[in-house]
Amino acid sequence: MPKSKQQRVFLNVPYDEQFERTYLAYVAALSAMGFLPRATLGIGGNRRLDRIASLIESCSYSIHDLSRIQLDRHAPRTPRFNMPFELGLAVAWARVNQHHRWFVFESVKRRLAKSTSDLDGTDPYIHNGTVRGVMREVCNAFVSPNQPTVPQMMRMYRDLRRGVPKILRNAGTTSLFTARVFSDLCLAAAGLRRKYVGKT
Amino acid sequence: MSRPTKLEFKPLSLEETAKQLGIPRQRARRILSLIGADVVPNPHGLRAKRRTVRYKVARKSARIR
Numbered sequence: 002m003p004k005s006k007q008q009r010v011f012l013n014v015p016y017d018e019q020f021e022r023t024y025l026a027y028v029a030a031l032s033a034m035g036f037l038p039r040a041t042l043g044i045g046g047n048r049r050l051d052r053i054a055s056l057i058e059s060c061s062y063s064i065h066d067l068s069r070i071q072l073d074r075h076a077p078r079t080p081r082f083n084m085p086f087e088l089g090l091a092v093a094w095a096r097v098n099q100h101h102r103w104f105v106f107e108s109v110k111r112r113l114a115k116s117t118s119d120l121d122g123t124d125p126y127i128h129n130g131t132v133r134g135v136m137r138e139v140c141n142a143f144v145s146p147n148q149p150t151v152p153q154m155m156r157m158y159r160d161l162r163r164g165v166p167k168i169l170r171n172a173g174t175t176s177l178f179t180a181r182v183f184s185d186l187c188l189a190a191a192g193l194r195r196k197y198v199g200k201t
Numbered sequence: 006m007s008r009p010t011k012l013e014f015k016p017l018s019l020e021e022t023a024k025q026l027g028i029p030r031q032r033a034r035r036i037l038s039l040i041g042a043d044v045v046p047n048p049h050g051l052r053a054k055r056r057t058v059r060y061k062v063a064r065k066s067a068r069i070r
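Line by line, the protein sequences give chains A and B.
Here my numbering is used: position 165 in the first sequence is 166, and no number is missing along the way.
Here my numbering is used: position 18 in the second sequence is 23, and no number is missing along the way.
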């Protein structure tokens, strides 16, 4: 397996304002571990599905957050199917490629058994919808001898969050969920890793 | 799945991260400066990294003092 692939994590999360804190927490936590988060932001067009599949295939790990399963506010009210769908793609890919590992994250205990009973026997990582919970569960999912501590990760998160308005202004947007902002956030988080965790 | 995975890789360096994200060096410097990440840890705490805006500002303010 190429080295660069080993360090990539496919991040499958909802892109909405209410999820911003959790989204930033994932970026900070994965960067603190030394990973490069990858997401479907900026992928569009007719061949979107193919590109999502190739993105999953280019990563060694994938994190699927199924905590936002409720109906949206706007008519017609629909649940979000993208996250479970992409989880399905990752599971299928992991069956073909033994090196790919996938993880399910949830905010509520035992809800996964109700929402996606096909995953019975899979232990989801419950983050309780909190930033600290995301940090804790990412540490539980990936075991490393030189793991950063949760307080270090929290420091990274706070600095990252503080820098968000500047990053948005720099990118000329108001949304965190654009390709440019995502890559800027990943780089900023990697820089904060060097500042607070060191070693790189 | 969802069981702890032992990591067997070297954490990605900052330079490699920028490369993989396709961010040019100049833009990378600007982002790191924006976020206050252009400092390096040393035994005396955090120090501004050389050849960064933060470093120059720190030197200048030290001269004024």
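Rather than coming from a laboratory, the hints here were simulated on the basis of the structure.
Certain hints may be false.
What the hints assert, rightly or not - Within a straight-line C-alpha distance of at most 25 angstroms, the following computed BS3-like cross-link-like pairs (lysine-lysine) qualify:
hint, chain 1, residue 1, chain 2, residue 2
1, A, 167, B, 61
2, A, 167, B, 24
3, A, 6, B, 61
4, B, 54, A, 167
5, B, 65, A, 6
6, B, 11, A, 6
7, A, 167, B, 65
Results for each hint:
1. 167(A) to 61(B): Within the cut-off at roughly 20 angstroms; holds.
2. 167(A) to 24(B): holds (22 angstroms)
3. 6(A) to 61(B): violated (37 angstroms)
4. 54(B) to 167(A): Answer holds: residue 54(B) to residue 167(A) is near 20 angstroms, not above 25 angstroms.
5. 65(B) to 6(A): violated (43 angstroms)
6. 11(B) to 6(A): Roughly 16 angstroms between the alpha carbons, so the hint for residue 11(B) and residue 6(A) holds.
7. 167(A) to 65(B): Since the Cα atoms of residue 167(A) and residue 65(B) sit roughly 23 angstroms apart, the hinted pair holds (cutoff 25 angstroms).
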